[in-house]
Amino acid sequence: MEPRKRKTLLDLDRLPTQKELREFFLANDWSARKPYDFDKWSQEKIEDKNYSQSLFNKIWHKISRKHGQKASPRCYTKDYPPEVLRSNVSDIVSGSVTEMVNEHPEVVQSIFDNLSDDFLSGGLETVKAIMTGQEIDDPQTLTDEDIAKVDRFVDNAMDTLMKTVDYDTLVAVCREYGAPEDFSDIKTNFPRTEFEEKYDHKKAKTKVTYSTLAADYAMDVERINSYSPAELAESSAFVADFYQVLDEIDLAILKLKIEGKNLEEIADILGFRTHSAIHKRIKRIQQQYLDFDPDFRKEYYKKHKNKKVS
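So for the sequence shown, this note's numbering puts the first residue at 1; every next one is plus one.
Keep in mind the hints are simulated off the structure, nothing from the lab.
From a predicted model like this one, the values you see are computed outputs, not experimental measurements.
Don't take every hint at face value.
Said to hold, decoys possible - In the DSS-like style, the derived pairs of lysine-lysine whose C-alpha atoms are separated by at most 25 Å in a straight line are:
(1) Lys-198 <-> Lys-58
(2) Lys-149 <-> Lys-198
(3) Lys-149 <-> Lys-163
(4) Lys-163 <-> Lys-58
(5) Lys-78 <-> Lys-261
(6) Lys-40 <-> Lys-66
(7) Lys-149 <-> Lys-62
(8) Lys-78 <-> Lys-163
(9) Lys-70 <-> Lys-280
(10) Lys-255 <-> Lys-280
(11) Lys-40 <-> Lys-62
(12) Lys-34 <-> Lys-78
(13) Lys-261 <-> Lys-198
(14) Lys-40 <-> Lys-70
(15) Lys-78 <-> Lys-66
Stated by the list, open to error - Label pairs and their calculated CB-CB ranges:
(16) Ile-147 <-> Val-107: 23 to 33 Å
(17) Phe-24 <-> Tyr-301: 35 to 45 Å
(18) Phe-25 <-> Ala-148: 34 to 44 Å
(19) Asp-155 <-> Thr-193: 47 to 57 Å
(20) Glu-196 <-> Thr-169: 23 to 33 Å
(21) Ile-46 <-> Glu-23: 27 to 37 Å
(22) His-279 <-> Thr-160: 50 to 60 Å
(23) Leu-12 <-> Asp-185: 39 to 49 Å
Where is the CB? At the ideal position from N, CA and C, for every residue including glycine.
Let's have the full structure, built from the sequences with the hints guiding it.
Here you go:
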């Protein structure tokens with residue numbers, strides 16, 4: 001018997017409601033839950049929560065290197081997906097620990113009572129104090145062996161947590177499909193530098209040159225939502241008229257450039273031996289458009305003051 005396929009929002013024949021979206025994500029992404037309203041907590045509980053959270057974040061950052069996140073969290077913004085996940089999980093874990101310590105001390109005691117002798121050979125009360133943020137009466141009771149065992153225990157717990165949320169996959173996807181908004185503005189931001197080199201093709205064997213015409217076309221696309229239907233129709237007709245001015249090859253080059261192809265790709269598609277001929281043709285297309293559209297030509301030369309209006 002085949003296992004029953006889990007129903008998703010994609011199975012709907014309509015857009016999901018806000019309630020359905022919320023229910024779906026709460027059911028499938030436990031890290032998005034907000035089980036505690038910290039604004040209503042006492043100052044004492046907030047201090048305990050902050051203590052637990054600082055320990056969590058310190059261990060998270062250490063174990064995250066094992067799961068593919070090599071750079072410091074300082075290199076990223078709070079909206080970077082792995083940082084969003086860390087923040088959400090940190091709130092849940094630290095909130096849960098604080099809630100147990102303050103409201104259910106018997107649960108905490110039960111956890112430590114059931115730890116095996118192999119885990120802690122001595123100084124149990126002192127270890128418990130460290131893990132719950134309590135005062136330590138006699139720090140000497142905590143041995144180096146106890147510290148090592150606690151570190152291994154907590155590291156293994158964090159490692160299991162990261163495997164549960166599939167942290168490796170998230171980091172790999174974010175590295176492959178990054179965005180400029182992911183990175184902070186600190187001066188020594190090597191992940192940002194690496195991303196921008198790839199994003200701007202700075203390491204490409206063939207230098208990528210974007211024509212002014214293609215850049216201005218992209219700007220027009222961004223403004224298209226503000227056009228009225230009449231203006232949009234007029235603009236489309238105007239562009240269609242310009243297409244009639246171009247020969248078959250130049251028209252193919254322009255359309256490929258607008259699609260985002262670089263010079264080398266266009267040369268391969270159209271059968272040119274080198275990309276230099278494509279570059280020359282694009283410069284010629286640019287001049288043709290300047291001659292075709294006097295209003296655009298005036299705006300263009302305003303931006304490029306070193307050139308004169310013919």
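Status of the hints after comparison with the structure:
no. : hint                            : result
1   : Lys-198 <-> Lys-58              : 31 Å, violated
2   : Lys-149 <-> Lys-198             : 43 Å, violated
3   : Lys-149 <-> Lys-163             : 21 Å, holds
4   : Lys-163 <-> Lys-58              : 18 Å, holds
5   : Lys-78 <-> Lys-261              : 33 Å, violated
6   : Lys-40 <-> Lys-66               : 36 Å, violated
7   : Lys-149 <-> Lys-62              : 17 Å, holds
8   : Lys-78 <-> Lys-163              : 22 Å, holds
9   : Lys-70 <-> Lys-280              : 44 Å, violated
10  : Lys-255 <-> Lys-280             : 16 Å, holds
11  : Lys-40 <-> Lys-62               : 31 Å, violated
12  : Lys-34 <-> Lys-78               : 17 Å, holds
13  : Lys-261 <-> Lys-198             : 15 Å, holds
14  : Lys-40 <-> Lys-70               : 37 Å, violated
15  : Lys-78 <-> Lys-66               : 21 Å, holds
16  : Ile-147 <-> Val-107: 23 to 33 Å : 24 Å, holds
17  : Phe-24 <-> Tyr-301: 35 to 45 Å  : 54 Å, violated
18  : Phe-25 <-> Ala-148: 34 to 44 Å  : 39 Å, holds
19  : Asp-155 <-> Thr-193: 47 to 57 Å : 31 Å, violated
20  : Glu-196 <-> Thr-169: 23 to 33 Å : 24 Å, holds
21  : Ile-46 <-> Glu-23: 27 to 37 Å   : 30 Å, holds
22  : His-279 <-> Thr-160: 50 to 60 Å : 55 Å, holds
23  : Leu-12 <-> Asp-185: 39 to 49 Å  : 41 Å, holds
When held up to the earlier numbered hints, the structure conflicts with 1, 2, 5, 6, 9, 11, 14, 17 and 19 and fits the remainder.
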